[in-house]
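From first to last, the protein sequence lines stand for chains V and X. If you're matching positions, the first sequence starts at 173 in the numbering used here and goes up one per residue. If you're matching positions, the second sequence starts at 173 in the numbering used here and goes up one per residue.
Think of the hints as simulated: they come from the structure by calculation, not from any bench. One or more hints might be untrue.
Because identical chains cannot be distinguished in the list, a pair is counted as satisfied if it fits within a single copy or across any two copies.
The calculated DSSO-like cross-link candidates involving lysine-lysine, where the alpha carbons are at most 30 Å apart (straight line), are [as the list claims (entries may be wrong)]:
{"hint": "1", "residue 1": "Lys198", "residue 2": "Lys308"}
{"hint": "2", "residue 1": "Lys244", "residue 2": "Lys495"}
{"hint": "3", "residue 1": "Lys495", "residue 2": "Lys520"}
{"hint": "4", "residue 1": "Lys217", "residue 2": "Lys429"}
{"hint": "5", "residue 1": "Lys402", "residue 2": "Lys473"}
{"hint": "6", "residue 1": "Lys473", "residue 2": "Lys453"}
{"hint": "7", "residue 1": "Lys192", "residue 2": "Lys399"}
Quantities reported herein were computed from a predicted structural model and do not represent experimental measurements.
Protein chains: 2
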Amino acid sequence: MSWEDKVRRVVPYVPGEQPKKRNVIKLNTNEFPYPPSPVLKEALKNTDQESYRLYPDPYGEPLRSAIGECYKVSPERVFVGVGSDDVLSMAFLTFFNSEKPVLFADITYSFYDVWADVYRIPYERIPLNEDYHMVKEDYLRENGGIVIANPNAPTGISEASDPDFFESIVKGNPDSVVIIDEAYVDFSDSSMLCLTEKYDNVLIVQTFSKSRAFAGMRIGFAIGNEKLIKYMNDVKFSVNSYTMSRAAIEYGIAVLKDKDYFEETVKKLINSRERIKKELKELDFEFFDSKANFIFATHKKLKAEYIFKELKKQDIYVRFFNKARIDNYLRITIGRDEDMDRLIIALKDIISKG
Amino acid sequence: MSWEDKVRRVVPYVPGEQPKKRNVIKLNTNEFPYPPSPVLKEALKNTDQESYRLYPDPYGEPLRSAIGECYKVSPERVFVGVGSDDVLSMAFLTFFNSEKPVLFADITYSFYDVWADVYRIPYERIPLNEDYHMVKEDYLRENGGIVIANPNAPTGISEASDPDFFESIVKGNPDSVVIIDEAYVDFSDSSMLCLTEKYDNVLIVQTFSKSRAFAGMRIGFAIGNEKLIKYMNDVKFSVNSYTMSRAAIEYGIAVLKDKDYFEETVKKLINSRERIKKELKELDFEFFDSKANFIFATHKKLKAEYIFKELKKQDIYVRFFNKARIDNYLRITIGRDEDMDRLIIALKDIISKG
Chain V
173 MSWEDKVRRV VPYVPGEQPK KRNVIKLNTN EFPYPPSPVL KEALKNTDQE SYRLYPDPYG
233 EPLRSAIGEC YKVSPERVFV GVGSDDVLSM AFLTFFNSEK PVLFADITYS FYDVWADVYR
293 IPYERIPLNE DYHMVKEDYL RENGGIVIAN PNAPTGISEA SDPDFFESIV KGNPDSVVII
353 DEAYVDFSDS SMLCLTEKYD NVLIVQTFSK SRAFAGMRIG FAIGNEKLIK YMNDVKFSVN
413 SYTMSRAAIE YGIAVLKDKD YFEETVKKLI NSRERIKKEL KELDFEFFDS KANFIFATHK
473 KLKAEYIFKE LKKQDIYVRF FNKARIDNYL RITIGRDEDM DRLIIALKDI ISKG
Chain X
173 MSWEDKVRRV VPYVPGEQPK KRNVIKLNTN EFPYPPSPVL KEALKNTDQE SYRLYPDPYG
233 EPLRSAIGEC YKVSPERVFV GVGSDDVLSM AFLTFFNSEK PVLFADITYS FYDVWADVYR
293 IPYERIPLNE DYHMVKEDYL RENGGIVIAN PNAPTGISEA SDPDFFESIV KGNPDSVVII
353 DEAYVDFSDS SMLCLTEKYD NVLIVQTFSK SRAFAGMRIG FAIGNEKLIK YMNDVKFSVN
413 SYTMSRAAIE YGIAVLKDKD YFEETVKKLI NSRERIKKEL KELDFEFFDS KANFIFATHK
473 KLKAEYIFKE LKKQDIYVRF FNKARIDNYL RITIGRDEDM DRLIIALKDI ISKG
């Protein structure tokens with residue numbers, strides 16, 4: 173017997189590599205390519221550093237109210253956390269507390285099964301159909317909860333083209349909480365926020381890490397019914413009362429308020445994405461119609477792993493998942509135009525030699 | 173049946189009140205009364221705000237290395253988290269994964285049973301003796317783990333006056349992890365960091381929220397054997413890979429490096445504490461010999477709850493716990509000298525009327 177027998181053993185999530193060296197073109201963790209809003213500079217200058225000796229507000233106020241204002245919901249319907257991973261992990265711990273399996277797609281954000289494992293939540297992975305779409309009927313049966321990433325990762329596919337898709341799942345599952353993970357939703361036009369007005373069992377989760385260029389500050393949030401949010405806060409207060417630093421609260425508000433910059437840079441990114449789709453097609457890549465800030469692509473001739481390694485040699489990092497059904501795909505984050513130009517040149521070179 | 177049947181119900185920890193109004197003398201949450209090191213100003217000015225679009229390092233580097241350097245241990249022996257509550261909660265989740273009860277004192281940091289409840293960890297509260305001290309023999313029997321706050325909260329008592337106390341518990345429990353929560357240790361002279369060199373089953377947890385005046389930035393850390401730290405990081409990466417914001421990492425390093433300011437302000441606080449002990453004694457208070465930045469005191473005549481309410485009327489907030497064995501005590505955080513002077517005047521007034 174040893175203390176090691178009492179340790180919770182897990183297979184940890186492996187985040188995308190954060191290269192130490194400079195001049196890497198980093199298209200592997202879906203970060204936003206443009207800097208955070210320039211208003212941040214002013215916010216930094218105005219920091220009330222003396223107040224940092226005091227604990228922050230446990231609800232993340234006044235950031236919570238600012239998010240509520242932005243999305244036109246009361247603050248009591250907003251939960252804030254240390255990135256959407258913190259928010260989702262708290263939602264799993266709070267809402268998926270039964271013996272029945274939680275349902276999610278076989279190909280989706282790879283943290284869902286990790287959280288289920290660490291919190292001992294039973295789960296079932298539902299295969300996407302052959303077009304990598306979800307089949308809504310699969311989610312209309314007994315379960316312990318449902319989690320859906322939309323747009324999905326790493327495919328970039330949005331199910332919102334079927335206008336009834338989400339509502340039928342939420343409505344059909346009054347006995348479960350349905351979490352819709354909208355980390356990439358600002359690059360699409362498919363938020364299901366409206367469902368939170370009508371149903372008390374749906375939770376929308378979003379993040380500042382992608383479209384708001386603020387991965388470094390760790391801010392995520394959820395919007396739902398007041399009752400849902402209260403349950404989440406009860407659990408959060410039982411884990412760590414003060415998660416949102418004063419810096420995250422102050423700077424988060426500043427960045428959130430610069431709507432013009434947000435809209436302008438998101439539009440720019442979407443334009444780049446659509447341009448790159450055309451260029452990849454010309455290079456014999458096939459891919460899903462991504463509504464996110466990445467493209468999940470496979471090449472007609474060359475193996476994904478080979479391209480991944482060749483790109484890395486040229487200091488261009490993309491993401492490769494060595495997993496069933498997706499091990500011949502690359503997930504390529506949309507970067508600045510000049511980075512994407514360098515990517516295309518590198519790909520042409522690799523393909524011509526391959 | 174409703175989705176609410178699948179919700180994890182908890183009795184959440186209630187943090188000390190964070191008053192919205194100004195001019196309150198806040199002696200209720202053990203915050204440090206002096207501002208963070210003035211070097212913070214320079215760090216804020218030098219912030220590389222453009223980098224905030226990128227995820228931070230998942231290990232909290234380079235803050236982790238800076239802590240290692242400060243405490244003369246390798247970075248691989250350091251774990252950083254969002255305040256010591258995050259660190260402790262991760263340690264509970266990681267190390268207390270058995271059917272045997274985790275042991276801690278009946279009067280100690282009130283989060284321990286909350287974490288045990290939320291993570292479904294069995295536990296047993298061991299009564300302190302009549303002098304409110306721990307009895308080491310109580311911790312030398314089969315258990316699922318041990319957690320000890322030293323100096324203890326809310327009593328302020330340190331067990332380090334018995335030089336063998338901690339080593340005998342650590343040595344006597346090779347099959348369990350022993351966590352020593354040293355949130356207040358800088359106000360004493362009793363860190364057990366040295367035990368981590370000799371034993372692989374002891375974890376020391378400390379925080380920037382008290383002696384480093386940085387509660388608002390949320391930084392805590394643990395030091396232990398490399399193997400312990402690896403297990404903790406595995407679990408942490410399975411909950412939230414990126415917990416430490418770029419701001420917390422940058423500003424944390426700045427504050428940590430200003431050793432002169434740290435030593436000077438801690439010394440000042442200890443002087444205030446010893447002065448206040450004398451003044452409270454003259455006012456007929458009785459208290460333990462606190463080695464922390466607070467005094468846990470009871471009055472010979474007046475009820476603690478009465479004094480608590482009367483002080484609040486005068487905008488002086490202290491902490492009152494409505495719990496067995498301690499419901500006639502007040503926990504008074506040591507503030508700036510001028511705040512303590514006002515407290516003493518207010519107490520004199522209350523006592524003269526009471």
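Hints not upheld, ascending by number: 1, 2, 5
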